[in-house]
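The listed protein sequences correspond, in order, to chains U and Z. With our numbering applied, the first sequence covers 583 to 862. With our numbering applied, the second sequence covers 583 to 862.
One or more of the hints may lead you astray.
When chains are identical, the list treats them as one kind, so a pair holds in a single copy or across two.
To be verified - Computed cross-link-like contacts, SDA-like style, restricted to lysine to any residue with a CA-CA straight-line distance of at most 20 Å:
1) K726 to A668
2) K786 to E724
3) K849 to A668
4) K786 to S825
5) K837 to I611
6) K786 to L664
7) K634 to V618
8) K634 to R740
9) K837 to E729
10) K849 to R614
These are computed hints drawn from the structure, not numbers from a lab.
Number of protein chains: 2
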Amino acid sequence: MFRPCRILPMNRPQLTQASRPLTFEIDAINERGEIVPTSIAGEHPLTLYVDKREIVTLMTLGAAPEALALGYLRNQRLIGGLDEIAAIQVDWEVDAVSVTTRHGNGIAEARTEKRTVTTGCGQGTVFGDLMAEIDDIHLPPEAKLSEATLYGLLDSVRHHESIYKQAGAVHGCALAMNVNPGSEILMFVEDVGRHNAVDAIAGKMWLDGHDGSDKIFYTTGRLTSEMVIKTAQMGIPFLVSRSGLTQMGWEIARKLGMTMIGRAQGKHYLLFTGEEHFSR
Amino acid sequence: MFRPCRILPMNRPQLTQASRPLTFEIDAINERGEIVPTSIAGEHPLTLYVDKREIVTLMTLGAAPEALALGYLRNQRLIGGLDEIAAIQVDWEVDAVSVTTRHGNGIAEARTEKRTVTTGCGQGTVFGDLMAEIDDIHLPPEAKLSEATLYGLLDSVRHHESIYKQAGAVHGCALAMNVNPGSEILMFVEDVGRHNAVDAIAGKMWLDGHDGSDKIFYTTGRLTSEMVIKTAQMGIPFLVSRSGLTQMGWEIARKLGMTMIGRAQGKHYLLFTGEEHFSR
């Protein structure tokens with residue numbers, strides 16, 4: 583299979599690998615009065631500190647906390663590049679992830695002041711100047727996605743959803759290499775918050791030196807403005823979802839020339855935007 | 583039907599009634615290459631100001647912006663009571679909701695400083711001291727819910743989901759009166775964010791003088807810690823969802839003695855907590 587070379591970051595930060603148990607068993611009672619052993623998804627608070635300053639508490643499944651912390655800082659525009667980070671250390675005994683910057687000065691006050699908290703699915707994540715920044719994002723104009731590649735991707739995704747199948751109550755995101763025709767899933771992350779899942783992918787992309795231009799982003803969640811903006815920030819031209827979309831997600835994707843496909847399952851889909859990059 | 587008296591707030595704030603168009607039509611292309619006219623849910627930024635100070639930008643469907651703004655301030659513990667509010671005015675020309683307090687001093691600095699942003703489904707909403715406050719919440723110990731009431735509620739909810747049926751990509755929440763046996767839906771709110779929907783219900787409850795003790799709260803969304811905490815803050819002893827739950831949602835509901843029912847649809851459900859308040 584064709585695999586474009588990628589350059590691993592020179593100064594990869596030091597990382598812990600502190601995943602939590604992802605599901606738990608409880609007893610529920612069903613409509614017939616029977617006790618039903620039921621798997622439920624883990625959910626843990628994880629407080630993010632940058633150079634010992636508290637930034638945010640994320641509620642997470644806990645599968646990829648280091649990548650989540652990094653991706654959160656990336657997607658919230660609180661750091662500009664991986665090379666700013668010296669270490670990411672998770673300590674579940676105190677439910678904390680501690681990020682140490684190389685310069686040791688934390689996050690510039692100007693960056694946190696500009697933060698505006700918004701609401702996608704839950705409430706939150708920075709919106710602020712994001713809309714203004716959209717004009718600076720240029721997705722690759724020659725990118726192509728074929729229907730055969732899409733179908734292959736949808737088939738592959740089904741095999742990755744382990745927590746969802748067991749416990750529900752999570753969203754999944756995948757990053758796939760688009761090797762037209764065909765695709766290869768490089769990362770799959772599930773989390774109780776769909777924005778956590780996309781943030782963790784963004785963090786992993788930095789850690790593994792992945793560029794977005796030859797990738798496809800898949801999410802089980804809805805295509806809201808925030809999901810479209812984050813995909814664009816990662817430089818990914820193709821966004822695929824099992825779910826539907828919102829008006830603002832649609833408007834932003836059109837403006838960006840992003841190819842957005844929703845209601846995608848099995849051999850069915852709706853192509854919402856970017857028809858010129860898609861071939862049947 | 584029995585209807586307990588409720589006391590309408592004396593000093594109800596002045597409100598606009600500024601709903602947006604809730605769905606839009608776009609053309610999508612399906613797997614057969616056919617153009618499919620498709621309804622999509624509206625999504626609009628709404629920036630909340632309190633006494634002219636910017637607090638947050640919420641992305642919302644826009645069905646109940648005044649109640650959303652009020653409920654957001656309530657659930658984030660940024661205001662202590664409805665009587666603090668003189669007016670709530672939405673102006674969609676500038677995508678803003680302006681809240682004017684009676685004392686005119688905005689939100690006490692101490693309250694906003696204590697805010698910690700967390701992640702439920704999306705990222706955000708205050709978590710901070712919420713866990714500590716749980717000990718102070720006492721749900722009514724004698725509350726009862728019958729299976730017949732639950733089934734009736736599930737049937738009623740189906741008739742309310744107008745945006746979801748048309749466009750998907752939204753979550754719905756209902757507040758129902760529990761008139762054992764039987765229930766009556768008092769409010770139903772859909773929004774692109776499930777936390778917006780619950781916040782709008784919280785706002786409407788204040789505006790209409792509803793106490794939570796004789797109510798049932800229904801959500802299409804997952805039972806995460808945040809959903810359980812918000813339901814508890816509204817004083818509602820019964821929480822019903824079509825979806826599953828997370829470990830922390832389960833732990834908090836157990837601690838509170840809340841009756842939590844998930845996977846509820848048609849004549850099926852799983853009773854997760856609070857068996858002693860439920861009768862088959």
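Okay, the hints, checked on the actual structure:
| no. | hint | verdict |
| --- | --- | --- |
| 1 | K726 to A668 | neither (37 Å within a copy, 55 Å between copies) |
| 2 | K786 to E724 | neither (25 Å within a copy, 50 Å between copies) |
| 3 | K849 to A668 | neither (45 Å within a copy, 54 Å between copies) |
| 4 | K786 to S825 | neither (24 Å within a copy, 29 Å between copies) |
| 5 | K837 to I611 | between (49 Å within a copy, 18 Å between copies) |
| 6 | K786 to L664 | within (11 Å within a copy, 45 Å between copies) |
| 7 | K634 to V618 | neither (44 Å within a copy, 52 Å between copies) |
| 8 | K634 to R740 | neither (40 Å within a copy, 49 Å between copies) |
| 9 | K837 to E729 | neither (23 Å within a copy, 50 Å between copies) |
| 10 | K849 to R614 | between (37 Å within a copy, 10 Å between copies) |
The structure fails hints 1, 2, 3, 4, 7, 8, 9 (numbered hints given earlier, in ascending order).
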